[in-house]
Amino acid sequence: MNVVGTGRGPTIRFRVAVTAGRLAAEVSRRLGCGGGSVIGGRVAHRLCPDVLTRLAAGRTSVLVTGTNGKTTTSHLVAAALRDRGPVAHNASGSNMLDGAVGALMATPRSRLCVLEVDELHLGPVLDAVRPAVLVLLNLSRDQLDRVSEVRQTARTVESVLARHPDTVVVANADDPLVVSAAGSSPHVVWVAAGAGWEADTRTCPTCGHQVSRRTNGLRAVSWWCDHCGLHRPCPAWWWTPADEPGGFVVHHRDVAAVTVVSGLPGRVNRSNTTIALAAADAVGTDPASAAPHVARVRSVAGRYDRVAWEDRLVRSVLVKNPAGWGEALDVLAGARPVLLVVNAREADGRDVSWLWDLPVDVLRGRVVAVAGERAADLGVRLSYAGIPHHSHPDPLVALAALPAGEVDAVANYTAFRDLRRSLAGPARPRRPGGGTGHPRPAPEVPPPGPPGPAEPAGPDSGRRRCAPTVP
Amino acid sequence: MRAHGSVAIAVLLPDVLGTYSDAGNAVVLAQRLRWRGVAAEIVDVTAGTVPPTGCDLYVIGGGEDTAEYVAADWLARHDGLRTALAERAVSLAVCAGLQIFGRVMTDRAGVEHAGLGLLDLVSSPGARRTVGESVSVSTLPGVGRVTGFHNHGGVTLLGPDALPFAHTERGPGNHPGTRVEGAVSRPTADAATGPGIVATYLHGPVLARNPALADHLLARALGAPLPPLDPDRLPDMAALRATYLG
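Residue numbers (this note's numbering), protein chains in the order written: chain D, 511 to 981; chain V, 691 to 936.
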């Protein structure tokens with residue numbers, strides 16, 4: 511690429527790169543090849559290797575990373591900041607370097623920028639953007655066939671953060687892997703954001719010895735390692751339930767509590783919202799004024815949307831790994847029929863062993879259908895757990911086996927994309943046969959209901975008396 | 691079998707070696723017994739406890755490198771357990787479990803970590819990580835073709851006192867230079883009955899994908915073959931086997 515001669519200086523190179531990138535994005539959009547931000551970003555980056563540094567210069571940026579909740583939380587942060595003017599945001603979830611470049615090119619005059627960043631691509635993006643705030647949500651096993659082991663990811667995040675001592679890290683105090691990665695940073699704002707998934711931190715991420723936990727009966731409210739001393743830090747932010755439906759109260763130890771009526775379901779999204787308000791606060795936005803904007807986020811890139819299909823109303827939830835499934839099953843808590851769709855393509859992770867780590871007991875008593883390219887693996891797993899189910903590789907055939915009315919659908923990455931596409935398409939005749947049948951009828955009586963809400967959070971009485979907890 | 695007639699299945703260190711969901715192997719074993727009217731209990735043996743030495747079956751799974759050495763140290767401190775594994779019980783060791791049951795594990799820094807020495811095999815870092823689906827044919831009677839997922843950084847070579855668990859048909863095995871999958875502790879001619887160790891790199895979990903292997907282990911633990919299982923118990927199994935073996 512010799513369009514820009516090296517002697518003409520970086521400014522011209524930068525301008526040409528951005529122009530070419532925008533053009534590429536526009537062409538891609540017109541050809542119907544998607545939003546174009548990735549290809550545009552790739553072109554600009556190829557022409558000007560420091561294009562992201564230049565695009566981010568002078569903006570106040572918040573980066574959001576972690577294994578689960580990046581897209582949702584970045585939407586919440588962007589909503590929280592929108593009162594202050596336009597916000598550059600990779601809203602579609604293009605979360606590697608090219609996607610960040612594309613988002614900043616698309617909103618050139620914004621002073622504010624919110625970028626979700628893949629946890630494995632954090633280094634180059636953080637080095638270029640130099641954000642005011644980095645949000646670190648959680649770290650857990652994800653696509654073990656593609657990504658190396660999660661402790662290695664935590665060490666990489668830690669070494670990246672060491673290069674950016676001025677960045678404020680808003681981090682989840684309940685996840686030992688997060689604490690091991692962020693704990694050495696000079697400016698950390700700890701949030702009690704919960705950790706429903708403990709299988710990756712039964713041993714200490716720092717020294718490998720056993721982690722001790724104290725629970726409130728359902729969830730850990732404190733944790734520590736007796737061997738090396740790693741422990742749950744004191745959170746500055748936490749949330750508690752409120753009386754109104756969908757409502758909860760976000761607390762900070764020095765600021766007045768803020769009531770939020772969330773547009774998103776489940777405990778995990780209350781935690782995501784709390785983290786978003788903490789991040790907004792860290793860049794000078796008053797949480798009380800941000801709360802109404804955050805509450806208006808009701809669907810995030812298709813997640814939590816309700817779609818009518820034949821005589822069913824399907825709410826679909828995307829999950830990508832076992833920790834996400836655990837959270838989704840909480841989001842979906844109820845007696846509605848449920849459709850589970852699992853693929854195992856490269857983007858999903860080729861190995862579905864993790865199905866055996868899912869808390870499938872919450873499905874007991876519900877009418878269940880399994881689908882996707884790995885429907886049989888999931889079906890075998892449910893049979894061994896004694897949970898009757900319908901199965902068919904085609905999600906629409908499996909869905910047709912469920913009763914009319916509201917249905918919860920949980921799907922992993924490519925399965926979620928394909929399911930939404932199928933649901934949006936014309937209704938097809940049901941294909942009988944081909945599935946594995948259903949030897950025992952699903953129970954017709956609804957179960958007594960989901961596990962009740964956790965008891966309200968009490969003050970932590972773990973090692974240090976300071977820590978409010980996720981209810 | 692225990693005095694009260696229940697078969698005890700121990701999961702060794704699920705808190706340390708839980709990365710690859712291999713604890714599902716114990717669920718498969720227990721349920722296949724219960725479906726045949728045999729009582730079964732699963733005992734999670736975590737690092738904070740003293741391990742029981744009288745269980746009928748022991749399963750141990752895969753984990754990350756640090757966890758693997760912590761697990762090996764812990765197991766080496768419990769002589770009674772080692773004796774049970776060597777002489778009395780039927781055991782399934784997967785991935786890190788296979789390496790720990792061997793003689794030596796060499797890490798990336800070249801440091802040698804002692805294994806339990808229950809299997810004559812040695813493991814060392816591979817040139818690259820081994821990842822992918824594998825199909826092989828078991829040397830154990832009645833087990834047939836086995837499917838599973840490899841995901842490990844180490845490679846393993848068997849010594850003369852260990853025999854292959856299977857020979858690979860496609861996909862990876864213990865070592866890029868061989869077609870050997872896993873290891874068994876006894877000559878296969880005797881392996882249809884009695885105690886012993888079956889070790890493999892296969893995840894899935896391996897017993898979820900290979901019911902004949904589960905029944906082989908159960909028959910050895912009970913000292914008698916089990917009656918066949920009603921196929922309606924696992925309506926998806928044919929499709930699962932076709933997915934990976936077709």
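None of these hints come from the bench; they were simulated from the model.
Note that the coordinates shown come from a computational prediction; the quantities given were computed from them, not determined experimentally.
Be a bit skeptical, because a hint or two may be false.
[As the list claims (entries may be wrong)] Quick look at which bits of chain V chain D covers, simulated, 3 or more residues with Cβ under 8 angstroms:
no.: 1; segment: 775 to 789
no.: 2; segment: 886 to 895
no.: 3; segment: 918 to 929
[As the list claims (entries may be wrong)] Each pair of labels, with its calculated beta carbon distance range:
no.: 4; chain 1: D; residue 1: Glu820; chain 2: V; residue 2: Gly936; range: 29 to 35 angstroms
no.: 5; chain 1: D; residue 1: Ser694; chain 2: V; residue 2: Pro850; range: 48 to 54 angstroms
no.: 6; chain 1: V; residue 1: Arg869; chain 2: D; residue 2: Asp676; range: 29 to 35 angstroms
no.: 7; chain 1: D; residue 1: Gly739; chain 2: V; residue 2: Gly822; range: 38 to 44 angstroms
no.: 8; chain 1: D; residue 1: Val759; chain 2: V; residue 2: Ser696; range: 47 to 53 angstroms
no.: 9; chain 1: D; residue 1: Val765; chain 2: V; residue 2: Arg798; range: 44 to 50 angstroms
no.: 10; chain 1: V; residue 1: Glu859; chain 2: D; residue 2: Asp676; range: 55 to 61 angstroms
no.: 11; chain 1: D; residue 1: Asp753; chain 2: V; residue 2: Thr736; range: 54 to 60 angstroms
no.: 12; chain 1: D; residue 1: Glu916; chain 2: V; residue 2: Asp810; range: 32 to 38 angstroms
no.: 13; chain 1: D; residue 1: Ser694; chain 2: V; residue 2: Gly822; range: 53 to 59 angstroms
no.: 14; chain 1: D; residue 1: Ser694; chain 2: V; residue 2: Glu859; range: 33 to 39 angstroms
no.: 15; chain 1: V; residue 1: Thr736; chain 2: D; residue 2: Cys543; range: 30 to 36 angstroms
no.: 16; chain 1: V; residue 1: Asp734; chain 2: D; residue 2: Ser694; range: 32 to 38 angstroms
no.: 17; chain 1: D; residue 1: Arg619; chain 2: V; residue 2: Arg798; range: 33 to 39 angstroms
[Said to hold, decoys possible] Here are some of the chain V residues that sit facing chain D, going by a computed Cβ distance under 8 angstroms:
no.: 18; residue: Val706
no.: 19; residue: Thr709
no.: 20; residue: Tyr710
no.: 21; residue: Asp734
no.: 22; residue: Gly738
no.: 23; residue: Pro742
no.: 24; residue: Gly744
no.: 25; residue: Glu754
no.: 26; residue: Thr756
no.: 27; residue: Val760
no.: 28; residue: Phe839
no.: 29; residue: Asn841
no.: 30; residue: Ala902
no.: 31; residue: Ala914
no.: 32; residue: Thr933
no.: 33; residue: Gly936
All residues carry an ideal CB built from backbone N, CA and C; glycine is no exception.
Next on the checklist: Which constraints among the numbered hints does this structure fail? Numbers only, ascending.
Outcome noted: 1, 6, 11, 12, 13, 14, 15, 17, 21, 23, 24, 30, 31, 33
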